[in-house]
Each structure stands twice: as structure tokens, then as C-alpha cells.
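Construct the complete structure from the given sequences, taking the supplied hints into account.
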Amino acid sequence: VIQDLVIHAVFIGYGLGLLLTLGLVLTWVERKQAAIMSDRIGANRAYVRIPFTQIKLVWLGLFHSLADGLKMILKEDFKPRSYDRFAYALAPWLTFTTVLLVFAVIPFGWSSSNKFSLLGALRAGSQMISYELVMGLTVLGLILIYGTLDLTQIVHQQSGTVLGFLPAWGIVYQPFAAILFLTAAIAENRRIPFDLPEAESELIAGYFTEYSAMKMGLFMFAEFIEIAIIAALFTTLFLGGYNLPYMTDSGFVLPGKHIVDVPHGAVVVIQLLTFLVKVFVMCSFQILVRWTLPRFRWDQVLHFAWKFMFPLALVNLTVTTVAVWAVGLVDT
Amino acid sequence: VNRQPYKRKGYWNRPAMTWWERAYLFEIVRGLSITGGVFLHNMWRWISGRKGALTTYYPEETRADYAAHNRGKHVLTQRPDGSPQCIACNLCATVCPALCIEIDAAFDPDDAAHPKSPARFEIDYSRCIFCGLCVEACPEDAIRMVKEVPDLPLYDRRDMWLKKDELLNWNPQRDVAKPYPARSDRAGPA
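Chains V and H are the protein sequences, given in the same order.
Numbering-wise (the working numbering), the first sequence opens with residue 43 and increments by one.
Numbering-wise (the working numbering), the second sequence opens with residue 85 and increments by one.
A portion of the hints provided could be inaccurate.
[What the hints assert, rightly or not] With a cut-off of at most 25 Å between alpha-carbon atoms, the simulated PhoX-like pairs for lysine-lysine come out as follows:
1. V/113 to V/98
2. H/247 to H/231
3. V/98 to H/135
4. H/135 to H/200
5. H/231 to H/135
6. V/74 to H/135
[Said to hold, decoys possible] Some, not all, of what chain V presents toward chain H, calculated at C-beta under 8 Å:
7. 83
8. 331
9. 335
[Claimed, not checked] Cβ-to-Cβ under 7 Å is the rule here; a few derived chain H residues that face chain V:
10. 116
11. 123
12. 139
No lab work stands behind these hints: they were computed from the structure.
If you're wondering where the values come from, they're calculated on a predicted model, not measured in any experiment.
From the three backbone atoms N, C-alpha and C, an ideal C-beta is built for every residue, glycine too.
Okay, structure coming up:
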């Protein structure tokens, strides 16, 4: 039992470390990608000078995230005169910690075989009820297909191929669910085009307007970490997790029965890298969405959820149910 | 009298969208592919060693496309012996709308042709507005402006004065239209 605890602690620590790093890097990626998308250069002035030399490390402006963090720590922590002292101080930490805890279960909730890890991951990553509903419905379709809530099993089942050449990823089985899930997830992260709760132009910063310095920083940071969480969830559910197409534990099996043997260690490394790359691509895609689409109006957001996505998710679920039932009939 | 509240019949600019645009998703994909395409294009340019953005990294880079007649940094032209062509007449300092030229004259009784010369000729680039009036005012073609711009970004405005030495020597120019005799030849009667 102690051994298990230690192993899990190490896994969770790894997850948290990965997550914090991703969040820190994403602040930079967002600035840089937005700049490159709009024909600009982006932040490139912050540098670290090696002591006693004139060598300045710029590294494409990577140190801007450090500079931002330092600035937020050093700034005055301004508090409004009228506030609930306890709730005010607690809120950013609550947001931040829950977000961190969600990710702790994502890669290694796979091994917990607990439906609460999945539900907790979905719930803690979410703020808005309506989109959570859509998200849950889309995931339900997947669960119907895979017949399990265990994320490890779900990823494992995505390792084969469909029709001989398509990778058996969730996105192939459930393309509509994938789109709906991603939309709902972005909506729950409250970023443009769904950033109505924050809406700089109307509400300054929405619910964290009165927060200054590092407390505001924690909210911002939590947002970036949520991007990483969404990317990891989407990769796990729809993009086959660590699976590369045509790859098994012993090597590649290309269509046409070409078999390429790969040693097991290399397979593990490749799968780790595959997961990371997929997560990064999904993060990048979310940033692309955020810097491309204009914002919805508030009523449009709710209409979109209840009149468009919710029925679509229901239809998708119904069709999936019937299809799974029919396939079951054929098999027996 | 009709007391009914005004009812708007419709917006004159009501957007007429096709079903394709109404479906929303396709247009989103189109928009994403435009921005994503710009991103990939710029990334590819950057990876292959070119710049994606047209932005010039100021102060590290100088734009190559300054016009030949751009009014940039000043040059004091010089005679063949290296002395400034300026005769310290103060016309440029007088006409300067920013009052950024300061000249102290020196007197050389041995040089009959040009007895006056600038002992000190300084331009304050923190105030210069690059209007070029000094160049127009100069009767001797002693001050010119070239297309290169001065390296202005500095931490102290007191460092933005350009002294005579630099004005003479950073880009030495002389007036080819006026062949000057050697100094020994034009020494006046002592």
C-alpha cells in the first residue's frame, strides 16, 4: 500500500510539474503564436544576462513569462475596502488548486479506474452548467462505444485501426462529438469566443476585476493550465492518447501487413512524445481559435448551448446508442 | 392621430446569409484556415531563415528602404585638408526651428579666404525635428543630411549631442563642385 502511495505520489507530482511547465510555456506560446498569426514578431526583449559577461540570453522572448510572473509577485496587492476577507483570499487559490488537481488525475487517473476521476476532471475543469451538459453528453457517446470509464482502457482501445486504414481514435468513431466536446471545453475555459464572464471590453475582467498582483496572476495562470487540461482530455478521449497510427507495443504494422519492429523502450519514448505533441497541437489549436473568432453576444452563447449544441449532442448520443445496440445485435 | 408605438419593419442592413454561412461551422473552419495559414506561412519563413513579419528590429537593424533623399543624420562637409567647410555664419542655428544647433566661432587671421571657422559645432538630436532648414540655409553647402538615421535610443538626453568631430568624420563628404586650392596657396598676405 505504501509502495502504491509513493508511486502514485510520483505520478501526480510528475503530472503537476508537467502542468505548471505547460502553463508557463503557454503564456509565451500564446503571445508568440498570436503575433506570428498576425504578421507581428511578438515579445522578444526580455533577456537574462549571464553574470560578469555581456552575453544576453533572449531565447525568442521566453523569459517574458518569468518577467511577467516576477512583476505580478512584486506588484502591490491592492484590496478593495468592502470584501469578504475569507472568500476573497480563497477564491484564486481555489480556482488554481482545483485546476491543478484535475490534471493530476488526467494522465494517471487512467490507472485509478474510478469514474469519479473522470467526472471530477470534467466538473472541476468546468464553470458553466450548460456547456458541461453538452460536454457530458458527448463523452457519454464515447463511453457507450468503449464500454468503460477507465481512461487507461479508453486509450488502450484506441490503438487499433478501423476499416484497415483509419486509426481507431475517438474522433473517427465520434467526429460530431469531438467538435461539440472541443467547443464546449473552450466555452468552459471562458476564452474568446466564449469569454463573456470576463469580457474585457464590457466588464473589465469580470469576476476577477478586483484582484491585483499575483492573485490576478493565479486566475490567468489557471486559465492557461485549463488550456492544457482541455488539450490533454481531448487527446485522451478523441485523439488516441499516446497511440500513433499503425503502432503497437512491438512496432509498426503498416497497412498491407508491413511490419517494422521497434524495441520496447523506444516504443515507450515514442508514445510519451506522441502524447506531448498531441497535447501541444491541441493547445496551439485553442490559441488559434482564441485569436481568430470574434466574441459571441451573451444571449448567443446561451442559445448556442441550449438550442444548437445540446440538441446536436442528444441526437449524436441517440444515434450512437442505436448504432452500438445494432452492432451488439449483429455480434450476438 | 396615430398613437401606436413605432414598429420597426426591419433593418435596412439585415445580413442576408446563405445557408452555408448560417451553418456557421464551415465559415469558422474557413476563418481558422486563413489565420492558421498565415501562421504556418510565417513559421515556415522563420524556419527557413527568413523573417515572417516585415517588422524591422529597431535599433539592431536598419531599414534598407530609406529613400535616397531621406532627411537623416547631419554631415559637415570638409575641405581637402579636412577642415570644416563651415564658416560659422550661424545661419543654420538662426533658422533652426528647434533651436538645436550651437556654434562657437573661431578666428584665424592667417586664412584670408575663410577667417571664421567653427570651434564648436553641436547638434542636439533630442530636439532636432529633421526639417532640413539648416541645409537649405547654408550658403556654403557645409551641412548636409544623409539618409542614415542617428542612433537615437539612449538613456540620457545629454548623450544625444553630436559634436563637431563626429559630424565631420562619421561619413566624410566634401563639396566636389568647389575645387579648393591647397591651404598654403590661399594663405593671404600676412
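Verification of the supplied hints:
Restraint check for residue 113 of chain V and residue 98 of chain V: satisfied, since their Cα atoms lie roughly 20 Å apart, inside the 25 Å limit. With a C-alpha separation of about 19 Å, the suggested pair residue 247 of chain H and residue 231 of chain H falls inside the 25 Å cut-off, and the hint holds. Restraint check: the Cα-Cα separation between residue 98 of chain V and residue 135 of chain H comes to about 21 Å, which is no more than 25 Å; the hinted pair holds. Using a Cα cut-off of 25 Å, the hinted pair residue 135 of chain H and residue 200 of chain H is violated, with the two alpha carbons roughly 52 Å apart.
Between residue 231 of chain H and residue 135 of chain H, the direct Cα distance comes to roughly 24 Å. Compliance with the 25 Å bound is thereby established for this hinted pair. The hinted pair formed by residue 74 of chain V and residue 135 of chain H meets the criterion: a straight-line CA distance of about 14 Å does not exceed 25 Å. Taken as an interface hint, residue 83 of chain V checks out: its beta carbon lies about 5 Å from the nearest beta carbon of chain H, inside 8 Å. With 8 Å as the threshold, the beta carbon of residue 331 of chain V comes within range of chain H, its nearest partner Cβ sitting at about 7 Å, so the hint holds.
About 7 Å separates the beta-carbon of residue 335 of chain V from the nearest beta-carbon of chain H, less than 8 Å, and the hint is met. This hint holds: residue 116 of chain H has a C-beta 5 Å from the nearest C-beta of chain V, less than the 7 Å allowed. For residue 123 of chain H, the interface hint holds, the least distance from its beta-carbon to any beta-carbon of chain V being 5 Å, beneath 7 Å. Below 7 Å, beta-carbon pairs count as interface contacts, and residue 139 of chain H has one with chain V at about 5 Å; its hint therefore holds.
Hint compliance for this structure: hint 4 alone is broken.
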